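Residues 1 to 213 (the numbering used here) are what the sequence shown spells out, left to right.
No lab work stands behind these hints: they were computed from the structure. Some hints could be false.
[Unchecked claim] With a cut-off of at most 27 angstroms between alpha-carbon atoms, the simulated BS3-like pairs for lysine-lysine come out as follows:
hint: 1; residue 1: 58; residue 2: 111
hint: 2; residue 1: 3; residue 2: 53
hint: 3; residue 1: 58; residue 2: 3
hint: 4; residue 1: 41; residue 2: 53
Quick caveat: nothing in here was measured; it's all calculated off a predicted structure.
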Amino acid sequence: MTKDLIFYTNPQSRGRIVRWMLEEVGAPYRTEILGYADSMKADAYLAINPMGKVPAIKHGDSVVTEGAAICAYLADAFPEAALAPPLAERGDYYRWLFFAAGPLEQAWTYKSFGFEPEGDQRRRAGFGCLEDVINALDGALKDSDYLAGSRFSAADVFTAAGLGFGMQFGLLPKLPSFERYVGKHSSRPAAIRAREIDDGLIAAAAQAQPQPA
Numbered sequence: 001m002t003k004d005l006i007f008y009t010n011p012q013s014r015g016r017i018v019r020w021m022l023e024e025v026g027a028p029y030r031t032e033i034l035g036y037a038d039s040m041k042a043d044a045y046l047a048i049n050p051m052g053k054v055p056a057i058k059h060g061d062s063v064v065t066e067g068a069a070i071c072a073y074l075a076d077a078f079p080e081a082a083l084a085p086p087l088a089e090r091g092d093y094y095r096w097l098f099f100a101a102g103p104l105e106q107a108w109t110y111k112s113f114g115f116e117p118e119g120d121q122r123r124r125a126g127f128g129c130l131e132d133v134i135n136a137l138d139g140a141l142k143d144s145d146y147l148a149g150s151r152f153s154a155a156d157v158f159t160a161a162g163l164g165f166g167m168q169f170g171l172l173p174k175l176p177s178f179e180r181y182v183g184k185h186s187s188r189p190a191a192i193r194a195r196e197i198d199d200g201l202i203a204a205a206a207q208a209q210p211q212p213a
C-alpha cells in the first residue's frame, strides 16, 4: 500500500527547498500551508514539530523535520529518483549536504544579524567564519557542477537552494563558481515547477488580502 506523503510548509520559508526536492522525487504529495502567526504554533502542528517551524513531512507513520534531513529521507525513500549515490560513495554527499545545513546557513544567518565571529569566537563557532565557509564551497565547486560524484543529488538541491538564497539577499558573494552552480541547477524542470507552485501560492494569498478602502 502506498504511504500518504504530507508536506507542511509556508511558501515564504525554507519549505521552498523541500518543495524542490519533492518535485525532483516525483511522488504524489499533499501540501498543508501553515501561517506563521497561527497554525504553525497551534497544537495540531506542534504535535508534528514541537519547534513550530516548517518544513516538515509525514510519510505514513514517519515524521521528518529539518530541511536537510527531509531531503536525505526523501532520497532514500524514493530510490527510483536516483537522488543519492550508492552507499559506498556517500562521503561527499553527506559531507556537503550537512555542510550546507550547518556552516553555510549559520554563516549567512549570523551575517544577516550583523555579527561576525572574531578571534577565539571563530574557534568556538562550528562554522568558523563566513570567509572559511565561502572558500570551502568555492573550492568544491570551481571544477565541478556536482557536490557528490558526477551526477545531481539531494546535496545539490539543498546547497544550490541555500547559495541562491544567500546571493539573492546579499549574504553571500556572487562568485563565478556559485553563480554557475546555482544557475545550472535552478533551471532544472523540478526547480522551476517548485518555484511556480510557491510563487503562485504567494500571489494568491496577496490577492486574498482585504484591499484598503
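Going through the hints against the structure:
no. : hint       : in the structure
1   : 58 <-> 111 : violated, 33 angstroms
2   : 3 <-> 53   : holds, 23 angstroms
3   : 58 <-> 3   : holds, 9 angstroms
4   : 41 <-> 53  : holds, 8 angstroms
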